[in-house]
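Asker: Sequence:
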Amino acid sequence: MDNKVTLQRLGILLAYPLAYAYIRLMMDFNNTFVVDPSGGAGHLQISAAYPLFALVFIVVNELVRRGRRGNEMPSPETVFWYGITFMAGLTACFGPNVLLSLFGMHLSAVYSVLISNDVLIGKRTSGFLPADLFSGFCIRPFVGFPNVVLDWRSFGKSSQGDNISGSRIKSIVGGIVFTIIMGSLLLMSIAFMAMIDEDLRNVISSMLDGFFGYLCFKTVIEIIFRMILAVPVCFYLYGLISRSASSDGENEGKIAAVLNKARAKGKTVSSMLVYIAAGVFVAAYALFFVKRLMYMIGGFTGTVPEGMLVSHYAREGFFELVGIMAVNMCVYLAIILLGKTDEDGKFSKAARILVTALMSESIVFAVVAMSKLGLYYSIYGYTPMRILAMWGTLALGFASAMTILTVNRSKTHIRAGIIFTAVSYIAICVLSGILEALS
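Be aware that the sequence shown starts at -17, since it is given in the working numbering, and climbs by one per residue.
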């Protein structure tokens, strides 16, 4: 039998169990599939359900991808995003925020499907990231919704595409009947042994009591509800994977051309207006630095304004500083989307200087915010929200640095920014788990 057909069949067979597992996990965050690395001491208990689900998702995607495209090995980029997907699922078990980790796992899983099949709009991680994610979450799954039914036809084909012969069908049926018979005989044998051995009888009795106790009326209703709900989820997940695996990338190239053309048409704001707008922000921040210099360096020196508690100083203004950094990124996006450029798509020297100054000020804000966070941490210690705040500040500061490189080297660094964001979040979650275990 053709290996591609076998892989395709396995992908279809696993689609529904994958969807059911997804419904099971999303409907019950307090899953009990727990591993205790502390050897039963209970100091560090990790639920293995989310990373196992991520692993099964990766396996299903690989089966469908290879069933469509042949038995080619995944690219290094694909392996990286598979790893991020798995680690995001793992951090949902011990990280500072389970919902944020699950959100990251969803993003990474969908993105890994797109990268593994080489169907990104920009052919690589680029500024088209929002469009890629919209395609992965909304367009491909629903366009590929009927693919479960359509691809099911592979069960009726041999490696040459002909119908399975009658002898092959008889062989399958015979195998099923033989398995049922042997399973029944095994159960009878175990029952006889249990009559002789009391320990085995107690084990089987305990297992049966637990099984029938589990199958209470309420649990059965929940199982049936999850089974029904898993059907559309199965169509959605398999539609995403199958549609991506069957794409040749031609449509993505056309979409990229349309988006580039639309972006070029949107650059209508004169250079002078861009200079004035960016200059206003740069000057406003410079004046703010001068006026509040001693206040802002208090986190480094450990001194606070007279009459203010250290804890209040450390907390005051942190989120506002982070908010200013986010605003500055929006200012930069508005400039690159609407500001006029030369024929090569490059900004003038004056625009590059102003954007560099603006992002440099953002980096200063990030450093000040980190100093305040460090001072607060030294007083009150670890909490999940504080370590997440640290990660958000680092990510925005790194994005500002990459923006400076982008405007001065005329080469986008969004890929580096996305990789840093993903890897740093995993690292922060691991650190959070260690601190939680030590506390």
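Quick caveat, the hints were computed from the structure, so don't treat them as lab data.
Wrong hints could be hidden among the right ones.
Below, computed lysine-lysine pairings styled on DSS-like, alpha-carbon distance capped at 25 angstroms [said to hold, decoys possible]:
1. K247 to K236
2. K393 to K322
3. K247 to K331
4. K393 to K249
5. K236 to K322
6. K331 to K249
7. K105 to K331
8. K105 to K393
9. K393 to K236
10. K273 to K393
11. K322 to K249
12. K331 to K236
13. K247 to K105
14. K236 to K105
15. K273 to K331
16. K249 to K236
17. K331 to K393
18. K105 to K273
19. K393 to K247
Pairwise CB distance ranges, derived in the manner of DEER restraints [as the list claims (entries may be wrong)]:
20. I172 to K(-14): 34 to 42 angstroms
21. A266 to K393: 24 to 32 angstroms
22. L(-5) to M311: 27 to 35 angstroms
23. I361 to S187: 25 to 33 angstroms
24. L(-5) to A419: 38 to 46 angstroms
25. S171 to L(-8): 30 to 38 angstroms
26. A332 to R397: 21 to 29 angstroms
27. S406 to C312: 18 to 26 angstroms
28. I203 to W134: 45 to 53 angstroms
29. R391 to R274: 27 to 35 angstroms
30. V159 to M367: 56 to 64 angstroms
31. L(-5) to G356: 47 to 55 angstroms
32. A268 to P112: 16 to 24 angstroms
Glycine is no exception: its CB is placed at the ideal position from the N, C-alpha and C atoms.
Asker: Hints first: check each against the structure and report whether it holds.
Answerer: Hint-by-hint comparison with the structure:
The suggested pairing of K247 with K236 holds, with an alpha-carbon distance near 17 angstroms, which does not exceed 25 angstroms. Proposed proximity of K393 and K322 is supported: the alpha carbons are some 17 angstroms apart, at most 25 angstroms. Distance hint between K247 and K331 is fulfilled; the C-alpha atoms sit about 22 angstroms from each other, no more than 25 angstroms. About 18 angstroms separates the Cα atoms of K393 and K249, which keeps this hinted pair within 25 angstroms; it holds.
The hinted pair formed by K236 and K322 meets the criterion: a straight-line CA distance of about 24 angstroms does not exceed 25 angstroms. At most 25 angstroms may separate the alpha-carbon atoms for a hinted pair to count; K331 and K249 meet this at roughly 17 angstroms. Of the supplied pair hints, the one linking K105 and K331 is violated, its CA atoms being roughly 30 angstroms apart against a limit of 25 angstroms. Using a Cα cut-off of 25 angstroms, the hinted pair K105 and K393 holds, with the two alpha carbons roughly 15 angstroms apart.
Only pairs whose Cα atoms come within 25 angstroms are accepted, and K393 paired with K236 is accepted, the gap being roughly 22 angstroms. Among the hinted pairs, K273 with K393 is inconsistent with the structure: their alpha-carbon atoms are about 36 angstroms apart, more than 25 angstroms. The suggested pairing of K322 with K249 holds, with an alpha-carbon distance near 5 angstroms, which does not exceed 25 angstroms. Annotation: proposed proximity of K331 to K236 is violated, straight-line Cα distance about 32 angstroms (limit 25 angstroms).
For the proposed pair K247 and K105, the alpha carbon gap of about 22 angstroms is at most 25 angstroms, so the pair holds. A hinted pair counts as satisfied when its Cα atoms are at most 25 angstroms apart, and K236 with K105 qualifies at roughly 12 angstroms. Distance check on the hinted pair: K273 and K331 sit about 29 angstroms apart at the alpha-carbon level, beyond 25 angstroms; violated. The suggested pairing of K249 with K236 holds, with an alpha-carbon distance near 21 angstroms, which does not exceed 25 angstroms.
Straight-line distance between C-alpha atoms of K331 and K393 comes to about 15 angstroms, which keeps the hinted pair within the 25 angstroms bound. A hinted pair counts as satisfied when its Cα atoms are at most 25 angstroms apart, and K105 with K273 does not qualify at roughly 47 angstroms. Of the supplied pair hints, the one linking K393 and K247 holds, its CA atoms being roughly 21 angstroms apart against a limit of 25 angstroms. A beta carbon spacing of about 40 angstroms between I172 and K(-14) agrees with the range 34 to 42 angstroms that was offered as a hint.
Between A266 and K393 the beta carbon distance is about 29 angstroms. The supplied range of 24 to 32 angstroms therefore holds. Roughly 45 angstroms separates the CB atoms of L(-5) and M311, a value that falls outside the hinted 27 to 35 angstroms. A hinted range of 25 to 33 angstroms is violated for the C-beta pair I361 and S187, which are about 57 angstroms apart. Distance hint check for L(-5) and A419: the Cβ-Cβ separation is about 39 angstroms, which falls inside the suggested range of 38 to 46 angstroms.
At roughly 32 angstroms, the beta carbons of S171 and L(-8) sit within the given window of 30 to 38 angstroms. Take A332 and R397: their Cβ atoms lie about 28 angstroms apart, and the range 21 to 29 angstroms holds. At about 21 angstroms, the CB distance of S406 to C312 agrees with the hint of 18 to 26 angstroms. The given range of 45 to 53 angstroms is broken by I203 and W134, whose C-beta atoms sit roughly 29 angstroms from each other.
Taking the beta carbon of each, R391 and R274 are about 33 angstroms apart, inside 27 to 35 angstroms as hinted. Taking 56 to 64 angstroms as the suggested C-beta distance range, the pair V159 and M367 conforms, at roughly 59 angstroms. The given range of 47 to 55 angstroms is respected by L(-5) and G356, whose C-beta atoms sit roughly 52 angstroms from each other. Checked against the hint of 16 to 24 angstroms, the pair A268 and P112 fails, with Cβ atoms roughly 32 angstroms apart.
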